[in-house]
Amino acid sequence: MLSREDADIVLDAFSKNVGIATLRLDQSGTALLAFGDAQELIFHYVAQSGQLQVWSPLHGLTLSGTTQEDSALMHYLLKKNFPSATLSGAYFAIDADIGVALLGYVIGKDVYAVDKMVADIKAFAYRVIDIVAAVEKDVAMSALSPPKVVGDDVTMIKA
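Okay, so the sequence shown: first residue is 1 according to my numbering, each after it adds one.
Among the clues, some could well be false.
The calculated DMTMM-like cross-link candidates involving lysine to aspartate or glutamate, where the alpha carbons are at most 20 Å apart (straight line), are [unchecked claim]:
#1 Lys80 - Asp130
#2 Lys116 - Glu5
#3 Lys122 - Asp12
#4 Lys122 - Glu40
#5 Lys79 - Asp95
#6 Lys80 - Asp95
#7 Lys80 - Glu136
#8 Lys80 - Asp138
#9 Lys137 - Asp70
#10 Lys116 - Asp6
#11 Lys79 - Asp138
#12 Lys116 - Asp12
#13 Lys16 - Asp115
#14 Lys137 - Glu69
#15 Lys79 - Glu136
#16 Lys80 - Asp70
#17 Lys16 - Asp6
#18 Lys122 - Asp8
#19 Lys16 - Asp120
#20 Lys79 - Asp130
#21 Lys16 - Asp26
#22 Lys116 - Asp8
Computed Cβ-Cβ distance ranges for the label pairs, DEER-style [what the hints assert, rightly or not]:
#23 Thr66 - Glu40: 25 to 33 Å
#24 Asp138 - Gly99: 13 to 21 Å
#25 Ala134 - Arg24: 26 to 34 Å
#26 Val18 - Gly50: 19 to 27 Å
#27 Gly19 - His75: 35 to 43 Å
If you're looking for bench data, these hints aren't it; they were derived computationally from the structure.
The beta-carbon is built from N, C-alpha and C at its ideal position, and this holds for glycine as well.
Sequences are here, hints too, so could you generate the full structure?
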């Protein structure tokens, strides 16, 4: 179990390792890092479980509000969650508040060396990039059509 101070130590070590300004958890236990082509990592410390959760919103995979389309997206994400070896410990979820698919990873399920946690975060960031590319390829070749832009909203629609 990680303490909040441990989580800040891990974020500080990660920041130094990748050469960025020091990431610190805010009052709510959250820190944000933008990277790559519009990707972001959201770090959130959960005191009850002593875990540092790392989330990356997949903005191209958005709930549309249409049952059939949302069911297709949920089915796709559930299929991708298994086998978990494909995601190397990461998993898909849906943020119901904003209707966006997320790729998540938990740091601190088991407390281990800070340098190992930093390596896990870096590996997760690289997996985000690879998984986004794989999802975009799957979407282009599957029953889900590419994202459809409606105003400023990006939604996934059934072909």
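Next item on the list: Starting from the range 26 to 34 Å, see whether the pair Ala134 and Arg24 falls in it by beta-carbon distance.
Entry: Taking Cβ atoms as reference, Ala134 and Arg24 lie about 32 Å apart, which means the hint holds.
Check: Do the Cβ positions of Asp138 and Gly99 conform to the proposed distance bound of 13 to 21 Å?
Finding: holds (20 Å)
Margin query: Range first: 25 to 33 Å. Now tell me if the beta carbons of Thr66 and Glu40 are that far apart.
Written below: holds (26 Å)
Notebook entry, point to check: Measuring from beta carbon to beta carbon, are Gly19 and His75 in 35 to 43 Å?
Noted result: holds (40 Å)
Notebook entry, point to check: If you draw a straight line from the CA of Lys80 to the CA of Glu136, is it 20 Å or shorter?
Noted result: holds (13 Å)
Note to self: If I claimed the Cβ atoms of Val18 and Gly50 lie 19 to 27 Å apart, would that claim hold in this structure?
What the structure shows: Holds: the Cβ-Cβ distance is about 24 Å, inside 19 to 27 Å.
Margin query: Tell me if the straight-line CA distance from Lys116 to Glu5 falls inside 20 Å.
Written below: holds (17 Å)
Item checked: Hint consistency between Lys16 and Asp6 [alpha-carbon to alpha-carbon, up to 20 Å] -> Given that 20 Å is the threshold and the Cα spacing comes to 15 Å, the pair holds.
Notebook entry, point to check: Going straight from one Cα to the other, do Lys122 and Asp8 come out at no more than 20 Å?
Noted result: holds (16 Å)
Check: Quick one, are Lys16 and Asp115 close enough, alpha carbons at most 20 Å?
Finding: holds (11 Å)
Notebook entry, point to check: Do the alpha carbons of Lys137 and Glu69 lie within 20 Å of each other, as the hint requires?
Noted result: holds (18 Å)
Check: Is Lys79 within 20 Å of Asp95, Cα to Cα?
Finding: The hint holds at about 18 Å.
Every hint from the earlier list agrees with this structure, and none is contradicted.
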